[in-house]
Amino acid sequence: MTSPAPSRLRRVPWWAWTLAVIVTVVTVIAVLGGFSAIPEEKLPRIPVGDTHTGGELATVVERVWVSNQQPTNGEFAATGEQYLIVRARLDNLTSEPSSFGSQILRAEVDEVIAATVAPDVVLDDLRGTRLASLGAGIPTTVDFIWVIPADSIAAGDSVYLGIFDQFRVYGDPIFGDGAFTRPQLVAIVETVVDEVESVEQPEEVTF
Amino acid sequence: MSVRRRIQAAIACVAMLAVAAVAIGTAPTSDDLVSPFYVSGASGEPVQTRTLTAEVQGARLAQTLDVSANESLAFSLDLLETEQTWVVVDARLEARISSVSLSNTRLRIAGVEYRAIDYLPAPTLVNFIGDPGIPFEGSFAFEVPTAVLDSDAAAQAELVLRSILSSQLDDIAVVDVDLAGLEVRDVEIMRAAEIAESRE
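Protein chains in written order, with our numbering: chain B, 1 to 207; chain X, 1 to 200.
Just so you know, the hints here were simulated from the structure itself, not pulled from any lab data. Watch out, some of these pointers could steer you wrong.
[Claimed, not checked] Covered stretches of chain B (in silico footprint by chain X; criterion: 3 or more residues with CB under 8 Å from a CB of chain X, positions within the stretch not fixed):
no., segment
1, 92-99
2, 122-129
3, 163-175
None of the values given here were measured: they were computed from a predicted structure. Glycine included, each C-beta is placed from N, C-alpha and C at the ideal position.
Given these sequences and hints, build the entire structure.
Below, the structure written as structure tokens:
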């Protein structure tokens, strides 16, 4: 009794099978666009006064100015310093308190403020207190304030404002569905300094 | 392998895949696995969790809060305004096992949560730390959209007493608070304090 002749497929060497699989996978990836260059997306430019709607907050930049006094609480800058103040209206679009408000904006002014520098203070403009959390459905006017050297910025100087957003992470092993990604830059506001304000400081009374 | 055996094997595979799909579809999420246990109760009656006994004594609505004693602000501010409405909830609390802080307490209305504000004169119930066995009382204040308080949902508000620490797999007291029909007036915040126990 003779054994049956091996089929043609069994005569194909193992490396040919491996090569065929690799070629097939690479071809499928190429056809699906896996090797295409990622197109650079230009960040949207938002005019002052227009709303940027993010995943958590809606943001309207209202005004940028320089002053030697903080709004609402009236705190004066130290000698040789002044404040760059960015006023924005923030609205929490979620159903929970948001603590992202103070991180949503960064400013860049040539040779004065680097884009990576966080504001020195973020105030709730209505009360003059530091911004804590933003309540759901409660639009809040917020002042982002950077301490800058006096006379370093003039009216009409360009200011670039970056609007950031954060995105929820689901199924985190520690935080479950309550974790967020690191803030990401999602839009730019190009504007200029409205005015440079100088408020006369009352003389200090010492006892 | 006969055709019949092959059909049987195919049916068995499909059945196992269906069972696996059902198991995956009905499996609890990671949030479900570690979610807290909510212990509910009504205002005016004690609600007891593993770590806390809480009794909500009442709620008030205000347009302005008197915070004239606020020592935490760097400037003078006597009245705290809002463009919305303040909800002030007074409560009596007692820690049961170890010191308790309820700094992440929320007011929940129609599924939306509002956090108790933390810039009122210290000590408020948000920043008060209560020791076990010593009852204390005070106020929580929340800023809530006026339209929400005018809605029917205001009658089914809930006070969710939470600490800033993770409450995964632990009790959380949830107390029903009826905010419907309350008059809006200027109110003074009840400063958090231990309740003196009478020796008589």
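Hints and how they fare:
Beta-carbon proximity to chain X at under 8 Å applies to 3 residues in the segment 92-99 of chain B; the threshold of 3 is reached and the given coverage holds. Closer than 8 Å: that is the beta-carbon criterion, and the segment 122-129 of chain B has 4 residues meeting it against chain X, so the requirement of 3 holds. Counting residues of the segment 163-175 of chain B whose CB lies closer than 8 Å to any CB of chain X gives 3, which reaches the minimum of 3, so the coverage claim holds.
Every hint from the earlier list agrees with this structure, and none is contradicted.
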